[in-house]
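Using the sequences and the hints given, assemble the complete structure.
Protein chains in written order, with numbering that gives the first Met the number 0: chain X, 0 to 265; chain D, 0 to 101.
Simulated from the structure, these hints should not be mistaken for laboratory data. Note that the Cβ used here is the ideal one computed from N, Cα and C, for glycine as well. Everything hinted at is true.
Residues of chain X placed beyond 12 Å of chain D at every Cβ, according to the derived structure:
| id | residue |
| --- | --- |
| 1 | His-7 |
| 2 | Phe-14 |
| 3 | Ile-21 |
| 4 | His-136 |
| 5 | Gly-137 |
| 6 | Ala-156 |
| 7 | Gly-160 |
| 8 | Leu-164 |
| 9 | Ala-204 |
Ranges between beta-carbon positions, derived for each pair:
| id | chain 1 | residue 1 | chain 2 | residue 2 | range |
| --- | --- | --- | --- | --- | --- |
| 10 | D | Trp-65 | X | His-7 | 57 to 63 Å |
| 11 | D | Leu-18 | X | Phe-228 | 26 to 32 Å |
| 12 | D | Leu-18 | X | Ala-203 | 45 to 51 Å |
| 13 | D | Leu-30 | X | Val-207 | 34 to 40 Å |
Spelled out from the first residue to the last, the chains are:
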Amino acid sequence: MAAAGHSHTVNQRFFAGVRDGIPPALGVIPWGMAFGLLIVQFGLPRAQALAQTGVMSAWWYSGTAQFVALELWKLPLDAATFGAIVLAVFGINSRYLLQGAALSPWLSGLPAWRLVPTLFFMVDISWALAMKRFALHGRDVAYFLGCSTISWAIWVASSVGGALLPTGALNARAWGLDFAMAAVLVAFAGGRLGELNFRQQAWAASTVARMAAPWLVAGLCAWLTQRWFGGNAHILVGALTGATCAALLLPANSTTAPSAGAGETA
Amino acid sequence: MTPASLGGFEWFAIFAVGLVTLATRVGGVYLRVLIPETPFWQRFFEHVPTALLVAIAMPYLTAGDWRGAVAAWCALVLGLRLPFFVAMLGGMAVVAGLRALI
Numbered sequence: 000m001a002a003a004g005h006s007h008t009v010n011q012r013f014f015a016g017v018r019d020g021i022p023p024a025l026g027v028i029p030w031g032m033a034f035g036l037l038i039v040q041f042g043l044p045r046a047q048a049l050a051q052t053g054v055m056s057a058w059w060y061s062g063t064a065q066f067v068a069l070e071l072w073k074l075p076l077d078a079a080t081f082g083a084i085v086l087a088v089f090g091i092n093s094r095y096l097l098q099g100a101a102l103s104p105w106l107s108g109l110p111a112w113r114l115v116p117t118l119f120f121m122v123d124i125s126w127a128l129a130m131k132r133f134a135l136h137g138r139d140v141a142y143f144l145g146c147s148t149i150s151w152a153i154w155v156a157s158s159v160g161g162a163l164l165p166t167g168a169l170n171a172r173a174w175g176l177d178f179a180m181a182a183v184l185v186a187f188a189g190g191r192l193g194e195l196n197f198r199q200q201a202w203a204a205s206t207v208a209r210m211a212a213p214w215l216v217a218g219l220c221a222w223l224t225q226r227w228f229g230g231n232a233h234i235l236v237g238a239l240t241g242a243t244c245a246a247l248l249l250p251a252n253s254t255t256a257p258s259a260g261a262g263e264t265a
Numbered sequence: 000m001t002p003a004s005l006g007g008f009e010w011f012a013i014f015a016v017g018l019v020t021l022a023t024r025v026g027g028v029y030l031r032v033l034i035p036e037t038p039f040w041q042r043f044f045e046h047v048p049t050a051l052l053v054a055i056a057m058p059y060l061t062a063g064d065w066r067g068a069v070a071a072w073c074a075l076v077l078g079l080r081l082p083f084f085v086a087m088l089g090g091m092a093v094v095a096g097l098r099a100l101i
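Following this line, the structure appears as structure tokens:
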């Protein structure tokens, strides 16, 4: 591993990444368990639910995208639903394009057989930790892999653990479990909006209106599209209109800067 | 939710969507030269996830079942400042409570 400015061995740098990656990764345990629990709600045989949970978490390794895909998921799956899931997952994960581009100067020259597996494990937190590390010590792929893989391992283990929990005895409706998916997705939306940090903005009416406008546009367009056309078209229409409006009205770097408290590590 | 099982197309979809996710992770490194580095496109990509989540959340916030809509708004407001898991539990508690009471 190339490591400008490092005197430690590859193993030492890898485990330094593991050590730094554990605290934020612990925060995804309840999230992972919720994902496993929701898969079980589909009524699949337990072995299949476990397999789907494990494969999705290990292969996709993208928490928000997994929840969104599960919202669209239906059995049997048809081509239109598959297309909607692909678009939604691409939209949710488009931030990785920007994160990868930001890492590009540090990873240039790395052969593809090392670059692809390294980036496979990249999530918001490991990206943030790596950027900080690289800025201080130069490229350190071992450290990046260490903090990425520990987060991956905890995510997979917690989601499979959630699918193993006994839920059959619970009355899902009485406990609001049938509402868990909706609550997760709406809470994600709230979390994203909360990161806009209105508190730092002047409370002038024009500023508040400008900050809120893209999301009102996204919501309104999505609502109208769903009312008129049904299906999942509202997701694409709302996302494109809202993002375009936000690009025109809002400053950069307000929603995607990873933060340890955001719970968005997988 | 009805009892069902995963067939070949479902497993193909899981595999294909995983490839999409991997492509977004790796693509930024290779496509940096192709992504327009204008402020507009930078902001557009930054805000896509938020807009997408707002669009996804809308049906819940405007649900025909008023208990679900109230719970969704509670989850949204809680999610503005609290960890997502707390917001999720709050929304579930509200809907369960409203169903039990009314």
